Amino acid sequence: MKSITFTLNGRERSFDIEPDERFLDLLRRSGLTGTKCGCDNGMCGSCTVIVDGRAVNSCILFAFQVAGRIVETIEGIGDFDRPHPLQTAMADAGAVQCGYCTPGMVMAAKALLDQKPDAGEEDFRRHLDGNLCRCTGYVKIRDALLSCSAGARAES
Amino acid sequence: MNYTDFKTPTRLDEARALLKELGDAAVPVAGSTLHVFLRDETPRIAVDITRLGLDGIRREEGNFEIGATTRVAELLEFRDDGWVLDRVADAFVSQTVRNAATVGGSIVRTFPWSDFPVALLVLNASMIITGDSDRVVDADTYFASQPFHHFQPGDLLTAIRVPPLVAGEGFGYHKERRTGSDFSRLTLAARLDVREGRVGGLRIAAGSGVPLPTRLTAVEKALVGARPGPKKFAEAAEAGLEEVRWRGSAGLSDDYIRHLASVRIVDVLTQAYEEAKGERS
Numbered sequence: 080m081k082s083i084t085f086t087l088n089g090r091e092r093s094f095d096i097e098p099d100e101r102f103l104d105l106l107r108r109s110g111l112t113g114t115k116c117g118c119d120n121g122m123c124g125s126c127t128v129i130v131d132g133r134a135v136n137s138c139i140l141f142a143f144q145v146a147g148r149i150v151e152t153i154e155g156i157g158d159f160d161r162p163h164p165l166q167t168a169m170a171d172a173g174a175v176q177c178g179y180c181t182p183g184m185v186m187a188a189k190a191l192l193d194q195k196p197d198a199g200e201e202d203f204r205r206h207l208d209g210n211l212c213r214c215t216g217y218v219k220i221r222d223a224l225l226s227c228s229a230g231a232r233a234e235s
Numbered sequence: 079m080n081y082t083d084f085k086t087p088t089r090l091d092e093a094r095a096l097l098k099e100l101g102d103a104a105v106p107v108a109g110s111t112l113h114v115f116l117r118d119e120t121p122r123i124a125v126d127i128t129r130l131g132l133d134g135i136r137r138e139e140g141n142f143e144i145g146a147t148t149r150v151a152e153l154l155e156f157r158d159d160g161w162v163l164d165r166v167a168d169a170f171v172s173q174t175v176r177n178a179a180t181v182g183g184s185i186v187r188t189f190p191w192s193d194f195p196v197a198l199l200v201l202n203a204s205m206i207i208t209g210d211s212d213r214v215v216d217a218d219t220y221f222a223s224q225p226f227h228h229f230q231p232g233d234l235l236t237a238i239r240v241p242p243l244v245a246g247e248g249f250g251y252h253k254e255r256r257t258g259s260d261f262s263r264l265t266l267a268a269r270l271d272v273r274e275g276r277v278g279g280l281r282i283a284a285g286s287g288v289p290l291p292t293r294l295t296a297v298e299k300a301l302v303g304a305r306p307g308p309k310k311f312a313e314a315a316e317a318g319l320e321e322v323r324w325r326g327s328a329g330l331s332d333d334y335i336r337h338l339a340s341v342r343i344v345d346v347l348t349q350a351y352e353e354a355k356g357e358r359s
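Protein sequences, first through last, are from chains G and Z. The working numbering puts the first residue of the first sequence at 80, with every later residue one more than the last. The working numbering puts the first residue of the second sequence at 79, with every later residue one more than the last.
Treat the hints loosely; a few may be bogus.
As the list claims (entries may be wrong) - Taking lysine-lysine and the DSS-like style, the derived pairs with C-alpha atoms no more than 30 angstroms apart in a straight line are:
1. G/Lys81 with Z/Lys85
2. G/Lys219 with G/Lys195
3. Z/Lys98 with Z/Lys85
4. Z/Lys355 with Z/Lys310
5. Z/Lys98 with G/Lys81
6. Z/Lys310 with Z/Lys299
Said to hold, decoys possible - Pulled a few chain G residues facing chain Z out of the computed Cβ check, cut under 10 angstroms:
7. Asp95
8. Ile96
9. Glu97
10. Pro98
11. Cys116
12. Arg133
13. Ala134
14. Gln144
15. Asn210
16. Leu225
Stated by the list, open to error - Residues from chain G that face chain Z, not an exhaustive set, calculated with beta carbons under 8 angstroms:
17. Asp99
18. Gly124
19. Thr127
20. Ile139
21. Ala146
22. Asp208
These are calculated hints, taken from the structure and not from any lab test. A quick note: this is a predicted structure, and the numbers were derived from the prediction, not measured. Just so it is clear, CB atoms sit at the ideal spot from N, CA and C, and this is done for glycine as well.
So that you can see chain Z by itself, here it is in the shape it has in the complex:
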């Protein structure tokens, strides 16, 4: 990045006023890890948003509210009933990057390989944007396209609201990568609940093997109301294979990723089902 100046505001209103005044000339900076991959040489003014008190995880009216500048490492360390984002954080690059990268920075711009959008889609999270008019944007709307569409100059993502898992619900997550710190080649997440022996509700999403993180609604339709089990999961996975165009990367062919998806969809469904039954430790 070509920063020509930097600002270090210590209050949210101060940061917002700066961003609004500077417009496209300014860019909010938190962990800065993302900027390694952005080859944008446009001169910009960095506005450091890590001193605004937007970090930390707390319970708010039953939900988890995660401050936008909360480090990914804190998501890994946090523990509470119904908290599952530690599993996503655990597969996020490396500890030195987890210590710097923020959860907000991971979702203000999405890439095919972005980890958190996949999980936040299935967890039905909401993004809280503070601006001239504060907004709460549900995950389906937020991730339907590049998130910058939701932001006006001076707007900041300030928190992410995540409903906890409750009894009878389970979460499955898988990130396919060649090395520990590799980009994801295929990410899948599922949240499933079981009611009276049948799938009551299901959200499943894919990332990396698809152009942008997306829900697999054909899999959801195939399973809601059905009796869960390996055969039914495999049938549902087949429906998911037809729903999107699977894309390979880094020498992995489209066909390989498609085959991998058929296996890993079943895996995350199984993980989520076992947890919903109380069988996952």
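Excised from the complex, chain G in its bound form:
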């Protein structure tokens, strides 16, 4: 085991890790189970977290790679009592069915909106092209995420 330190959801944290431990596994064994394991090979986006401002698949990231980085997970952006606007929008639009892909969708969308607050539909399509949903058919997800962009809010 070796120790790494990084900023997790706004707090500096240290963890003992195995050299070949994936970041997804570190999160989940640490109780942060909002990040889901889907395909396990970087294709579905259920495990999306934000590292240094960019949405990445934590299932194909080794834990040692986040040493010194700034990491956000779904637990860090909102909770049941104080949900993030993206989480509220997903619920309001009925964009959640089984919910397994939802944390990844929200994190990928947050990374985009942090970078580009007025993101449009084409931006969402491109930035969430690695986040798959097997239930909803994407229309309500698109509607929910778009409603959170500055452009949509300005029009309404």
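Given chain G's structure and the hints, the job is docking chain Z onto it.
Same frame as chain G, now just chain Z:
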């Protein structure tokens, strides 16, 4: 991968010294996305090379110089005159993978379905390897076989030098895939320039439908000096079909890929020609 330890050097010389000292026991790691596909269980020490300042894209003596650990997403976001690699990056897996994968990681080992080697071959790029003796390896030499032949312990690919497109030149690119994040089933790229109504120079390459990314020199020979147009492009494509053995994958037959190549060669030539004429937006 079976990593038994990891190192996080912050200087290039430190990383190189580690890799040299550890030899085959060490492996450089950047995006790590490639390692999903490598079922190598040999115990190794990971050397994280993402903190060495080898990222970013800049103009250097007229060329683009892309740091080896530049994320593919940055290639998609970058804009400058003569820059075309955003089109390759756009078709690269998905945004979450583009955010992690590095351009260097995409070319230190080539697979039949590798995207960037096809484009870098036609763009006549050069690979900069930093070692005990620094080297600049042209794309034809670099991709002639598996690139590991160019590396000694302690050597690192540090940058890729890409000449920009200039007026009168065009670039065409096509990646055939079944879904957005699918592996390529056929990749084609072309760079063409038009001088006085004729094809002045052409580099065209294929990937995925062939064993390893390769130039289609028969197509190039058929077109250089000729008046470009749909009929001539189709004739040249026929020459390309005979040049290599086209291979199917994932249920697509060899004959299907060969037929697809005949269509897509014309498509990328047309794209490049239209851009060379200034007709592509």
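Each hint tested on the structure:
1. G/Lys81 with Z/Lys85: Measuring from Cα to Cα gives roughly 11 angstroms; hence the hint holds.
2. G/Lys219 with G/Lys195: holds, 21 angstroms
3. Z/Lys98 with Z/Lys85: holds, 13 angstroms
4. Z/Lys355 with Z/Lys310: Holds, because 17 angstroms separates the two Cα atoms, which is no more than 30 angstroms.
5. Z/Lys98 with G/Lys81: Roughly 23 angstroms between the alpha carbons, so the hint for Z/Lys98 and G/Lys81 holds.
6. Z/Lys310 with Z/Lys299: Distance of about 12 angstroms is within 30 angstroms: holds.
7. Asp95: violated, 13 angstroms
8. Ile96: holds, 9 angstroms
9. Glu97: With a minimum Cβ separation of about 8 angstroms from chain Z (threshold 10 angstroms), the hint on G/Glu97 holds.
10. Pro98: holds, 4 angstroms
11. Cys116: violated, 14 angstroms
12. Arg133: holds, 4 angstroms
13. Ala134: holds, 5 angstroms
14. Gln144: holds, 6 angstroms
15. Asn210: holds, 7 angstroms
16. Leu225: Check failed: Cβ of G/Leu225 comes no nearer than 17 angstroms to chain Z, outside 10 angstroms.
17. Asp99: Holds, because the Cβ-Cβ distance from G/Asp99 to chain Z comes to roughly 4 angstroms (cut-off 8 angstroms).
18. Gly124: With a closest approach of 6 angstroms, the G/Gly124 hint holds.
19. Thr127: Holds: closest Cβ of chain Z sits about 6 angstroms from G/Thr127, inside 8 angstroms.
20. Ile139: holds, 5 angstroms
21. Ala146: This hint holds: G/Ala146 lies near chain Z, its Cβ roughly 6 angstroms from the closest one there, short of 8 angstroms.
22. Asp208: holds, 5 angstroms
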